[in-house]
Amino acid sequence: MIVRILGEGQYDVPEESLEQLNQLDSAVEAAVGAEDEVTFGHALAALLDGVRSVGTPHAADSLDESDLILPMADATLADVRTMLSGDGLIPG
Amino acid sequence: MSLMKRLSMIFRTKANKALDKAEDPRETLDYSYQRQLELLSKVRRGVADVATSRKRVELQVNQLEQQAAKLSGQAQKAIDMGREDLAREALTRKSGLTAQITDLKTQHAALQAEEEKLTLAQQRLQAKVEAFRTRKETIKATYTAAEAQTRINEAMSGIGEEMGDVGLAIQRAEDKTAQMQARAGAIDELLASGALDDVTQVGGGDDISRELDAMSSAADVEAELAALKAGNAPKAPEAIEAPTEGGILATEPEKATTEGES
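Residue numbers (this note's numbering), protein chains in the order written: chain Z, -10 to 81; chain V, 20 to 281.
Check the hints yourself; a few may be wrong.
[Claimed, not checked] Some, not all, of what chain V presents toward chain Z, calculated at C-beta under 7 Å:
id	residue
1	Leu22
2	Met23
3	Leu26
4	Ser27
5	Phe30
6	Arg143
7	Ala146
8	Asn172
9	Ala174
10	Ser176
11	Gly177
12	Ile178
13	Glu180
14	Asp184
15	Ala188
16	Ala205
Worth flagging that the hints you see were computed from the coordinates, not collected in a lab.
Each residue gets a CB set at the ideal place from its N, CA and C atoms; glycine is no exception.
Take the sequences, apply the hints, and build the full model.
Next up, the structure:
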């Protein structure tokens, strides 16, 4: 499975690691739901670290779509809200 | 559905919507390639802009550090001459500079990180654009209507995602750089106004700076006098020291006549 971290690129993540990443993902989701900026920052960092550690960089010259796209490491709750609203996400 | 899956879908939908669609799918490929090249040059400009800002901050840090060092020297001289009040004033001014320097260094680190990020984004996009070009030529060469659409869609969505990502990275870098440039501009204004360097400008500035300046030259004279009395040549200022080898000691009388002639 291919996971993109925005601003960093794509990673190949083995299927057997998904369960572990899903748990980290749930923590991020909970923090977004609770509007807790600090917890969100930690949870997102943990999720991205998880992807980086179990994943390997996907070939740079491939044109494959990612299965999952994650926010950039310095994203704030506001950034995520903007992304989810679909506004101003992609310029041009 | 998990939040991140939702986010991924929205991102992808938007990325695909942003792609040009033409009547002839092969034209779509060319249009898209054009857009990719434009985006690539935009990233290159972005990298250059961030680098310019970084260098500007570097320059400011150097200027402020020089002034801070000068103030330290003045404070030392003031202490040597028993003028604690002046030393205190010099050090107070220095601590104001130190805060600015710390702030600028933080900005510098942020700009450097941004520059590295954008450079990597540029390399990734470059690799993908190159791959797209190859794929595009293959598809066009072997074009049959039946299979073309699928293959085009594959190539397009892959590059579309990358373009969306890079576009976002550029936008964020631009925002950050704009903020920092505003602050760098404020520092430049401060430097230009002389508010930061009153103390160190000879002849300029307020009473305290003039006193510090006067005291500095007085201290220099005293030091040279003391050196002369002790039978040593004065420690010549570095500008004069350079040319002759063999030491100033040996050529002292000769040096004196040279100075007289000039």
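Here is how each hint holds up against the structure:
1. Leu22: holds (4 Å)
2. Met23: At about 5 Å, which falls below the 7 Å cut-off, the nearest Cβ of chain Z leaves the hint on V:Met23 intact, so it holds.
3. Leu26: Given a least distance of 5 Å, the restraint on V:Leu26 holds.
4. Ser27: Status holds, d = 4 Å.
5. Phe30: The hint holds - V:Phe30 has a Cβ within 7 Å of chain Z, the shortest such distance being about 5 Å.
6. Arg143: holds (5 Å)
7. Ala146: OK, holds: V:Ala146 within 7 Å of chain Z, min 4 Å.
8. Asn172: Since chain Z brings no Cβ nearer than about 10 Å to V:Asn172, farther than 7 Å, the hint is violated.
9. Ala174: holds (5 Å)
10. Ser176: Result: holds, 5 Å to nearest chain Z Cβ.
11. Gly177: Holds: closest Cβ of chain Z sits about 3 Å from V:Gly177, inside 7 Å.
12. Ile178: Because about 6 Å separates V:Ile178 from the closest Cβ in chain Z, which is inside the 7 Å limit, the hint holds.
13. Glu180: Since chain Z brings a Cβ to about 6 Å from V:Glu180, closer than 7 Å, the hint holds.
14. Asp184: holds (5 Å)
15. Ala188: At 5 Å from the nearest chain Z Cβ, V:Ala188 passes the 7 Å test, so the hint holds.
16. Ala205: This interface hint is violated because 24 Å lies over the 7 Å limit.
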